[in-house]
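Student: The lines below spell out each chain.
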Amino acid sequence: KNQVEQSPQSLIILEGKNCTLQCNYTVSPFSNLRWYKQDTGRGPVSLTIMTFSENTKSNGRYTATLDADTKQSSLHITASQLSDSASYICVVSETGFQKLVFGTGTRLLVSP
Amino acid sequence: DTEVTQTPKHLVMGMTNKKSLKCEQHMGHRAMYWYKQKAKKPPELMFVYSYEKLSINESVPSRFSPECPNSSLLNLHLHALQPEDSALYLCASSQVGAIGYTFGSGTRLTVV
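Residue numbers (the working numbering), protein chains in the order written: chain Z, 11 to 122; chain S, 488 to 599.
Hints were generated in silico from the structure; no laboratory data involved.
Heads up, a few of these hints could be off.
Straight line, CA to CA, 27 Å or less: simulated DSS-like cross-link-like pairs of lysine-lysine [to be verified]:
id, chain 1, residue 1, chain 2, residue 2
1, S, LYS506, Z, LYS11
2, Z, LYS11, S, LYS496
3, S, LYS496, S, LYS506
4, S, LYS540, Z, LYS109
Far from chain Z, some chain S residues (derived; all Cβ distances over 12 Å) [stated by the list, open to error]:
id, residue
5, LYS505
6, SER558
7, PRO570
To list a few chain S residues with every Cβ distance to chain Z over 12 Å, as calculated [as the list claims (entries may be wrong)]:
id, residue
8, MET502
9, ASN504
10, LYS506
11, LYS509
12, ALA518
13, ALA526
14, LYS528
15, PRO548
16, SER549
17, GLU554
Built from N, CA and C at the ideal position, the CB exists for glycine as well.
I would like the entire structure built from these sequences, with the hints used as guidance.
Tutor: Structural data, given as structure tokens:
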């Protein structure tokens, strides 16, 4: 069964600190992996998208990595800000399918 | 225009009411999606339209009726909903094949 697992489930960090969120997936055949940021009550906003051949992609203070061999991805947030408080969702696409497989998300709280 | 616009942002309706959610995009995407998201859960796919034709219905109750009148517009007609249908309803669009997936900001629906 295609699954996407994220860890930790929730995380509290101090403003200015860095953090790394993890995503493991079993989706096959793999097409691409995306990281989304979702504020409470709002739609997900895309941070990065990576295909099989890409192993790192950055978007400002967000850097995603992908190891397609081990089926693992991480999202690193540098110099966190209060506005980074949100849920971060890892989403994987299966080749040839329009369905996305969603992880359950990591809820990040950045504390002053 | 790189946005998916959903209206209304908030909706409160009684169990005997009929209402509609609207979603619009002008990115030339030919696939459009409806998702339902409960609090602290990932989005759950409801319907997929490809080239204005319904291609996926995830066994959604008939009290939810989707409509795609043209390539830019997607509606979700609601009738005789239950309180447990209260959720954030998200629309998304993409190129067919899930390329360029973009979410709207959602409609917060409350059924009373």
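Student: Confirm or reject each hint.
Tutor: To see whether the hints hold, each was checked on the structure:
For the hint linking LYS506 of chain S to LYS11 of chain Z, the alpha-carbon distance of about 36 Å lies beyond 27 Å, and the restraint is violated. Our distance criterion of 27 Å between C-alpha atoms is broken by LYS11 of chain Z and LYS496 of chain S, whose separation comes to about 35 Å. Annotation: proposed proximity of LYS496 of chain S to LYS506 of chain S holds, straight-line Cα distance about 13 Å (limit 27 Å). A distance of roughly 16 Å separates the Cα atoms of LYS540 of chain S and LYS109 of chain Z; the hinted pair therefore holds under the 27 Å criterion.
Every beta carbon of chain Z lies more than 12 Å from that of LYS505 of chain S, the smallest distance being close to 24 Å; the non-interface claim holds. With a closest Cβ-Cβ approach of about 16 Å to chain Z, SER558 of chain S is found to remain outside the 12 Å limit, as its non-interface label requires. With a closest Cβ-Cβ approach of about 18 Å to chain Z, PRO570 of chain S is found to remain outside the 12 Å limit, as its non-interface label requires. Every C-beta of chain Z lies more than 12 Å from that of MET502 of chain S, the closest at about 23 Å, which supports listing it as non-interface.
At the 12 Å boundary, the C-beta of ASN504 of chain S stays outside the reach of chain Z, the nearest C-beta of that chain being 22 Å off. For LYS506 of chain S, the requirement that its beta carbon stay farther than 12 Å from each beta carbon of chain Z is met, with the minimum near 19 Å. Under the 12 Å C-beta cut-off, the non-interface status given to LYS509 of chain S relative to chain Z holds; the minimum distance is some 14 Å. Chain Z draws ALA518 of chain S into its interface by the beta-carbon criterion, the shortest separation being 6 Å against a cut-off of 12 Å.
Non-interface call for ALA526 of chain S relative to chain Z: violated, since the shortest CB-CB distance, roughly 8 Å, does not exceed 12 Å. A Cβ of chain Z approaches the Cβ of LYS528 of chain S within 12 Å, the least distance being about 7 Å, so the stated non-interface status is violated. The Cβ of PRO548 of chain S lies farther than 12 Å from every Cβ of chain Z, with a closest approach of about 19 Å, so its non-interface assignment holds. For SER549 of chain S, the requirement that its beta carbon stay farther than 12 Å from each beta carbon of chain Z is met, with the minimum near 21 Å.
With a least CB separation of 19 Å from chain Z, GLU554 of chain S remains clear of the 12 Å interface cut-off, as annotated.
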